[in-house]
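Engineer: What follows is each chain in one-letter form.
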Amino acid sequence: MTELIKNYFKPSNISLIRELVASDFKLRYQGSVLGYLWSLLRPLFMFGVLYIVFTHVIRVGDKVPYYPSYLLLGLVLWTFFIESTVGGMNAITGHGDMIRKVSIPKYLIVISTMLSAFVNFSLNMVVVLIFMIFGHVPFTLTILLAPLVIIELMIFNLVISFLLSALYVKFRDLSHIWDVVLQALFYAAPIIYSLAIVPKSIIKIDAIDPMTQIFQDMRYLMITKKTLTSEGVFHSLVGLIIPLVIIAAIGLFSVWYFKKSSPKFAEDL
Amino acid sequence: MKKNNKDIALSIKGIYKDFLLPHERKNSLKEYALHFSKPSYEKQHALEDISFEVQRGEFFGIVGRNGSGKSTLLKIIGGIYQPTKGSINVNGTLTPFIELGIGFNPELSGRDNVYLNGAILGLTRKETQNKYQEIVGFAELENFMDQKLKNYSSGMSVRLAFSIAMQAHNDILLIDEVLAVGDERFQRKSLEVFEQIKKEKKKTVIFVSHDMQTIQQFCDRAMVIHDSKLHFIGDSARAAMEYKKLNFPDTVQEITSDEYDSSRKDQRQGTGRARITKYEVLDEKGKQDNIISFGKSFSIKFHYETYEDLDNLVFGVSIKDKDGKAIYGPNTKETNEKINFKKGEHVVTMTVNENVISPGVYVIEAGLFDETQTICHDYVKIKNAITFVGLERHGYVYVQPKWTIE
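First to last, the protein sequences are chains A and B.
Under the numbering used here, the residue at position 180 of the first sequence is numbered 180, and the numbers go up by one with no gaps.
Under the numbering used here, the residue at position 59 of the second sequence is numbered 59, and the numbers go up by one with no gaps.
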């Protein structure tokens, strides 16, 4: 077992991930601050629109304390999910040239696209922290637990990317389908609204969505203890365990499917 | 010759590779949803029963025409494709790449590309760091490393790619036609590296090329793959010959009657009062061989059948390169040859005392005309009719000049 892990994390693999992430980063932000600003523009712009709509038009944000930070945190997490799964879907096909010519462990490419999105996410989190300071959000020690939830999200992003990247090699219309799924997921999870306004009849279904659990736990840990979390809906850890089981199940299937199809990537591309 | 197991670097046993070619390519979920029927496939055998062993320290060549399966074989050895059947045993580490500069990104600097490409070839960052000076030095690009790769000339980026590849610490190198990179000076330098590797006998090199000269120069042994099968394996000079034979199977090409087909106007035109039935290329010894060496004499014999009496004919030949550019085009009128053909068979022989045409495969066009050269009786175009071999030089012809320096 330790041999196996050692093999997965051998220095040359780590170096490859590092170089792939570094070159992606350099290409994106090539010597300009503007490069980063552009990628920040998307969540910030969405934030601006949604903030105006939900505090002045529909007013769902009124009851949520620290709504600007609350909303921005949700959008930044959501952007991380989108960037890493869409990037992950393209990971194999986008590196087709490389895969056809050199035998490298394919999962490294998928991991590196997730990490690239993570780099961007980390920068965005700095913006969230700045917002929190200006929004007078009281900092509590629970914020130290936030990295655990972020790791959960990273794993969730990764397992979905494994599945999407392998499927995308065979089914090139998957990108359209995933676009639609993303739309549905966006409204299914409490990103712009608060979980508290979800009707009692379906709140439990909403609460077991891993995205819901992740968003609400992050907000609970970082912004306000008044956030209704999945654990809060179930009044027990069941609200955490079910989403984790869902992630694990998707993970097992994704890894199995990826392992099964990766030897033929070079031919199918 | 008993071989120790340790001396064998690579052992390939009974490799088969089939590709399933779907009759209709379905690559969207929509198509799968609309057509439930199981897709029908056609099996294409890319490799059939290939077995060979390469010894440690050996330079081993693989030759074959395009589509023969040699690239597939290389990809299987490199672990890029999985064989359908058979086993591969690699004793030692193997360069898993078949091309230079994989992952090179034009938008990144030379330095970044070295690290990226190094990582793809399995080097850790530290190893690349240690070898960095050597890589840059060998590529002679010390002053360009901070520039983006897109500003490099193609020769420069290939030099860089080659230098990195040479630093990949592997016992077995898979090399696909990379010797002919860069300018002449760099080519010489890379050949020296190969000579060095060859002398040291530490690394095993598997070398794929079309260039028989390099194969013969470097490889101890070579194999010829033809139509997915192992055609020949053994001494590299013999392998080169076998390969030549495969490419130019007939030294005499019969022009068969079905080429009279009027629909094939590109090949045959004219009144049809006379027809070429056969042509043969003879080397300087008068032996049939359509591979002619530079500087040697050769002749081409054109066999005619005339169906009526024809007088005052003019016969012309044109030797063209594969792009259709005429290189050489003599005709009998230039020297006022008399050609009067009675009904029956005739032979026109053209002899050239010294071949000055550059190496390559050429097309021969031959035509028989009336004396005004307005009426054409027969005109044929024979593809791959003649091959000239020799040293590659600039231009279409080479006649050694006499230099005078004052």
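These aren't lab readings, by the way, just hints derived from the structure by calculation.
Check before you lean on any hint, since a few could be wrong.
[As the list claims (entries may be wrong)] Quick list of in silico lysine-lysine cross-link-like pairs, PhoX-like style, CA-CA up to 20 Å:
hint: 1; chain 1: B; residue 1: 148; chain 2: A; residue 2: 26
hint: 2; chain 1: A; residue 1: 170; chain 2: B; residue 2: 85
hint: 3; chain 1: A; residue 1: 170; chain 2: B; residue 2: 43
hint: 4; chain 1: A; residue 1: 264; chain 2: B; residue 2: 43
hint: 5; chain 1: A; residue 1: 10; chain 2: B; residue 2: 126
hint: 6; chain 1: B; residue 1: 85; chain 2: A; residue 2: 260
hint: 7; chain 1: A; residue 1: 264; chain 2: B; residue 2: 85
hint: 8; chain 1: B; residue 1: 126; chain 2: A; residue 2: 6
Engineer: Taking each numbered hint in turn, which are not upheld by the structure, reported in ascending numerical order?
Structural biologist: 2
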